[in-house]
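Q: Each chain, written out:
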Amino acid sequence: MSLRSRLVVWLRSAWRPSDLDREMDDEMRLHIDMSKRDLLRQGIPPDEARRQALAAFGSIDAAKDDCRDALGLRLLTELRGDLRYAARLLRRSPAFTAVAVLSLGLGIGANTAIFALVDTVLLKTMPVKEPWRLYFVDNSGGKSNGSNGPPYPCFEILRDHNRFFSGLAAFDGGGPMNVTIDGTPERVRGQFASAAYFDVLGVRPILGRAFTSADDRPSADAATDTPPAVISEVFWERRFARSPDILGKPILLGRTWITIVGVTARAFRGLRPGSPVDLTLPMRVSENRLTSKAYWWFSVIGRLKDGASVEEARADLDGMFQAYMKDLGLKGNSRTYFDQIALVPAARGLNDLRNDFATPLWIVMAIVGLVLLIGCANVANLLVARASARQSEIAVRLAIGAGRGRLVRQLLTEGALLVTLGAGVGLLFARWGVSTLVRFLAGGQGSILLEPHFDGRVLTFVAIVAALTGLLFSIVPALHATRTDAAKPDSVRTSTPGRRARIGQALVVIQVSLSLVLLSGAALFIRTLQKLNSVDAGFARHGIATMRVEAMLAPFDATRDAHQEHAQVARMWEGLLERLESQPGISSVALSTMSPMARRSRGVLVDVVGAPQRSESDRGISLNHVTADYFGTFGIRLIEGRAFTDRDRATSTRVAILNRSAARLYFGDASPIGRLVKFTGQRIQDPYEIVGVAQDTRYGSLRKEPERMAYLPLSQAVDRVSSVIVGVRAPEPTGVVGGVRDAAAKTVTGAAVTDVITIDQQIDDSMLRERLVALLATVFGGLALVLACMGVYGVLSYAVLRRTREIGVRLAIGAGRGSVIWLILRETVLLIAIALVIGIPVVLLTARYVQAQLFEVTPADPLAISAAAALLVAVGALAAFLPARRASNVDPMVALRCE
Amino acid sequence: MSDSTEVLQGTLDLLILKAVSLGRLHGYGVLLRIQQITGDRLQIQQGSLYPALYRLERQGYLTHEWGESENGRKAKYYRLTAAGRRRFKEETEYWQRFSDAIGLALKAVPEDV
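So the sequences go chain by chain: Z and F. Read left to right, the first sequence gives residues 1 to 899 (our numbering). Read left to right, the second sequence gives residues 1 to 113 (our numbering).
To be clear, the hints were calculated from the coordinates, so they are not data collected in a lab. Note that the Cβ used here is the ideal one computed from N, Cα and C, for glycine as well. Among these hints, one or two may not hold up.
Within a straight-line C-alpha distance of at most 30 Å, the following computed DSSO-like cross-link-like pairs (lysine-lysine) qualify [unchecked claim]: (1) F:K74 / Z:K36; (2) F:K18 / Z:K64; (3) F:K18 / Z:K36; (4) Z:K531 / Z:K704.
Not close to chain F: a few residues of chain Z, all C-beta gaps over 12 Å, as computed [stated by the list, open to error]: (5) K124; (6) L421; (7) H453.
Covered by chain F, per the in silico footprint, the following chain Z stretches (three or more residues, Cβ under 8 Å) [as the list claims (entries may be wrong)]: (8) 25 to 38; (9) 47 to 60; (10) 68 to 79.
Between the sequences and the hints, there should be enough to build the whole structure, so can you do that?
A: This is the structure we're talking about:
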């Protein structure tokens, strides 16, 4: 018999014990009948023959049992019995079962949901071939997460001449693209990638083709060139209902026709977790950026050859990169940022989310871990209570010869059954929790689109957590219960309640101190949110909406005069502004190239005319082109000098306003008014005269200290402004969008209005992490509080029950109801006091780990900790009050009689 | 049956393997065959036969098939597997060596020592 068929027999007999039983029965009956027949042949009378045959065989049941053992089924038979017994017990006490399963379900569910998120964001490798051999080529020496690829011409050199990669591919960050499908405009998430992209990743199309090397170059006839596009299976399904006819289908992207040539399988949605890509286009579509020798805008990924070491591959690329930069006139010592090539492991993708969310997610993981521990303590407590009620039963079973190991196994089986039910409930909670979290993360402007799946990894996690949980909460009660002395079943009732009470109290102390940790954490995160909300951002937060208006400018032509071209573009934008200013319902409107909280920034180098050149990092400054009313619209105060006016034209003196930080750095305490600055390296080299200093504002994040900023009039822009942000202050800020669209359509070539959002909403979005952590910490802190209260309630109810007689005596000899209530409450107060004494140092120790997530709140914030402690004491007392009142209502006579 | 000998611990397996090696048998047949080839000299606990058969089957030395008994009832017939045949050979050799050694030992007289 092979191992497999043996396993089949075993499983079959395990699964269908009645089949096995019938088989054995048939076999042994036949044996006895034949034996009887032989005896009859020897002339023995029938009755006697039957008796002798049976006697010679011995006990059939014993033989069957031995056969089962011989098959190795004993454990299974016992387990089946244990399970049936445990199920009966659980059915018999539905309240206990409900509380235990719910405690475990909430704990396991929370852990599963957070793990699913952690796995998707932090742990999972990309669904591509051998992801561990993939590396990002980062030319900023590893200062980025790998996303800083070299300029395209440099990439081409690396791609064609490297010796240690089987392939190198470039791709851009991806983002929303406006396409027109069958005449309907749509927004999809797209990216550009070089031809080798899919090959390097080892992603094969499920329909049509991926890119070929020819896709990097446009076809000979530029007019009829339709670049190929590869779409995701999800998009194929959503937009084209999986129609196989989409191959060869033309789509309009801006002004370019593109053709769908292939579909990639569902699992692969690009290399950035949280930013799934639906449309991939060859890089040639964004041609004008490919030829620029000093334009950093995309990322590079490569697959290391078999046996190649990371260091030799890096050195090989770095040699070529340094030569390229030297040709460009940028020697090594003049570069601080793009200094050298680093290879960044790419197995988990280009994960910006990881930087932002790693710590918050681990914090939340720890929080839900603690919640599960508290839930465990609850179930352990209930089990200890129940085990003590079963002392006599257990004592009897021990006395009639049950092994202790066997009894422990029986109790563990009960635990396993409970935890299995809990895990089932937990999975339901987790599904709901995950979809809620996914919606929460997708809601913001940053749109983090995650697709966690309940796959094998998550289920394995659940199984491990459930197994540990079950062991944790049932091992103590199981060992405790079987410590009963079999010889003295009657002694049980008088000797163990003390120990049982102590175990219960210890568990409650643990619960309450863990709850204190969670509640203090929640308080710290809530205080952080409060502080962020009240920080002086330097601009007005309410009543302002912003939206982006993009223009479709003529293709860039380096031979045209920058002054003329920029002025011409600026006139177009001024036309839009004039229309908007005359619209009803708008109090104030401004155009700008950056807006507070919009997260986009344009960094340039600035030099003060007539001052020695500063270090490169000091020369860096953010640039914002604005129209005259920008400061008024966003409520940014001018500290010195004047704001821009309508008289600052393209042809008048070029003027600039610095923010306070910039003025401070470049001019110290002296007034900068009247001094000249130049933006070195830009197309327009004219000096700008400083006419004002504006107050500092935070940009992008309320947490970050304000950056240096220079404001220029839009009419005097150093850049060719192809898109602006319209900032509108209005009583009904979002009501003006229609008006803006109309005005843009009439004044701006190829206008597209996108990213409509209020400043309030942007601020909320910028605090997504903080809100997420505060929300989860609060929810789980509350859950911990409820669980701990159940613990307190349980322990005190038991205490009241245990002391009924004592209370009766006290009442009988004249104690007041109040003093009885105090008697019980005193126990709670003591327990909570001990828990606080243990918990507060734990809070102080652990809070340090969340310090980076806090804002203007110290980890040892006394307000947060005392609020948490006060809440615990109050709610704990409430939980204790019910049993205490029950105690005070004890009828002395009844109490005394019941003994 | 007062003159019959109880089966030595561990030798029942060998006897079963021997019995079945002579042809496929059902449980009762195994008993009869053992009685026959031992000349009825060994006393076998009939009930203990089946656990031994099940154990040998689980160990892969025996396999079974369903057939019809001589009186026309459904019966479970046991037969040796290849592994069982090997095992039987090993066990036989072992037993021979063992009983030779014991026999030699018991034949010893004071002069030999």
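Q: Checking a non-interface call: every C-beta of chain F should be farther than 12 Å from the C-beta of H453 (chain Z). Is that right?
A: 41 Å, holds
Q: Please verify whether K531 (chain Z) and K704 (chain Z) have alpha carbons no more than 30 Å apart.
A: This hinted pair holds, its Cα atoms lying about 13 Å apart.
Q: Just to make sure I understand the rule, a stretch counts as covered if three or more of its residues have a C-beta closer than 8 Å to a C-beta of the chain. Does the region 47 to 60 of chain Z meet that for chain F?
A: holds (count 5)
Q: Quick one, are K18 (chain F) and K36 (chain Z) close enough, alpha carbons at most 30 Å?
A: Holds, because 25 Å separates the two Cα atoms, which is no more than 30 Å.
Q: Residue count check for the region 25 to 38 of chain Z against chain F: does it reach three with CB-CB under 8 Å?
A: holds (count 9)
Q: Please verify the coverage claim for the region 68 to 79 of chain Z: does it have three or more residues whose C-beta sits within 8 Å of some C-beta in chain F?
A: Holds: 4 residues of the region 68 to 79 of chain Z have a Cβ under 8 Å from chain F.
Q: Under the criterion that the straight-line Cα-Cα distance not exceed 30 Å, is the pair K74 (chain F), K36 (chain Z) satisfied?
A: Roughly 17 Å separates the two Cα atoms, so the pair holds.
Q: For L421 (chain Z), is the shortest CB-to-CB distance to chain F above 12 Å, so the non-interface label stands?
A: Non-interface label on L421 (chain Z) holds, nearest chain F Cβ at 34 Å vs cutoff 12 Å.
Q: Does the structure keep K18 (chain F) and K64 (chain Z) at a Cα separation of 30 Å or less?
A: Distance ~24 Å between K18 (chain F) and K64 (chain Z) Cα, so the pair holds.
Q: Decide, holds or violated, for the assertion that all CB atoms of chain F are farther than 12 Å from the CB of K124 (chain Z).
A: 43 Å, holds
Taken one by one, the earlier hints all hold for this structure without exception.
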